[in-house]
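Student: For this one, chain D is given, so just place chain U on it according to the hints.
Take a look at the letters that make up each chain.
Number of protein chains: 2
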Amino acid sequence: MDLHEMDRYIKSLIKEAGHRIRTSFRGDIEIETKAHVNDLVTNIDKEIEQLFIERINTDYPGHRIFGEEGFGNDIQDLKGVIWMLDPIDGTMNFVHQQRNFAISLGIYKDGVGELGYIYDVVNDDLYHAVRGGGAYFNDEKLPMLQETSISESIIGMNAMWATPNKYVEHESTIRLIRDVRGTRSYGSAALELAFVASGRIDAYISMRLSPWDIAGGSVIVREVGGMTSNFKGDKENLLVQDTFMAANPSIHGKILSEYIQPK
Amino acid sequence: MDLHEMDRYIKSLIKEAGHRIRTSFRGDIEIETKAHVNDLVTNIDKEIEQLFIERINTDYPGHRIFGEEGFGNDIQDLKGVIWMLDPIDGTMNFVHQQRNFAISLGIYKDGVGELGYIYDVVNDDLYHAVRGGGAYFNDEKLPMLQETSISESIIGMNAMWATPNKYVEHESTIRLIRDVRGTRSYGSAALELAFVASGRIDAYISMRLSPWDIAGGSVIVREVGGMTSNFKGDKENLLVQDTFMAANPSIHGKILSEYIQPK
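Chains as they are written, first to last, in this note's numbering: chain D, 6 to 268; chain U, 6 to 268.
What the hints contain is simulated information worked out from the structure, not anything from laboratory work.
Since the list can't tell identical chains apart, any single copy or any two copies may satisfy a pair.
Listed below are the simulated EDC-like cross-link pairs for lysine to aspartate or glutamate, each with C-alpha atoms no more than 20 Å apart in a straight line:
1) 171 / 184
2) 39 / 184
3) 114 / 241
4) 146 / 129
5) 259 / 176
6) 20 / 52
7) 39 / 157
8) 171 / 44
All values derive from a computational prediction rather than experimental measurement.
Just chain D, same shape as in the assembly (with noise of 0.2 Å):
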């Protein structure tokens, strides 16, 4: 596997499904809804999905997709090369905005983050790793994250964390909104770790992730000295949905320790 003939592959394919993304405003966009009420989906990010799986298959036969949309393969375990894909990660702030939302895809063997992309469509902006090569936001190589504190970091989090909820005690939650200088939320996590590895916030937590949505963003994060891990410290595991975590290696392990009390 030749990572860097693949690397110029998929920068190119990203650009074209941004361009198409972009377009796709001068059109109607078809919005259904999934699990629930607030978990849209559009005809768009199906598209999109779709294109990415037909240049898969005809130029890397053998790779497997795991995509958000469903129109990839069944992934029961992460045996050879695995493309990882959110077509549009962020779809609210798609639908809502029409900014604000990226195409998240990592590309892992087994089991191994190889290759991280996250595109910001609509600032195209393209945040990019090769494992072992350094993280990238557009041509500009990102420094490695310096050390911070908590009292002085900026958390990315959504504020439903800090309410009660099945996942981790919001009374340690609240403590850690209050302790840290402040806390943001963007609508996509895709971008919040594509900002933990460019330092415009020092970490972004989440109760309930899936492969996708992190895969890309992960390999990127690592380049930069940044750690991810789950609620328990654990590895991420790409087969599930579950909580995560990426920070700032010097305030990462604290996080989990002082301020995560999972239920």
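Tutor: Frame of chain D; chain U shown alone:
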């Protein structure tokens, strides 16, 4: 007072100030704290406010200035023409992210908002309005806000307001978080007002804002049919710090009556 002449003057001054802010990223930024450790101010906030004051004093003598950094006039009433200025709204974002902050300016005559400006400095996006003339995003006229419902709304609010606080019953805020489609938090009141005006979010609520945070944005929001008030439903008082909400008119009253319980 020729509003259209002032409008041209202000746009030019804001763009000049924005250029100075963007240029400041090349040098060192001095950061201090104000009322508390997370209330940040930099030398750039101060320099930009002073730039405005020099120009206004020269070109609009007789006008008064109410600025966040306190270099303007001691404002105890709303008589005459007052420029309400936040030179950098979202200073924490300015410091941590070098983006997602804005110059916020409202021009009030005898307490009536005549002109409003929110300038997203890094994206070079100017939201602006002349009272009675509609609101604009750069050169594009913003459409009137369309009817929506609580369950389809995205609300801008800080996660802090879902936690016990001295301003409102947080259980009611939690009900709001559960009933809406989603929440977002961008860390700049001015930008969140610009997002209400452009329909990217449907409401913005905060327990504690100052006149210069909301003066420009309120003019813009009202020009697209949006409603602004404090949590009692009263017109905002531009002499004091207060609670604040700006919202799509179809949900403003309902949020106030069903979800906001001031203490």
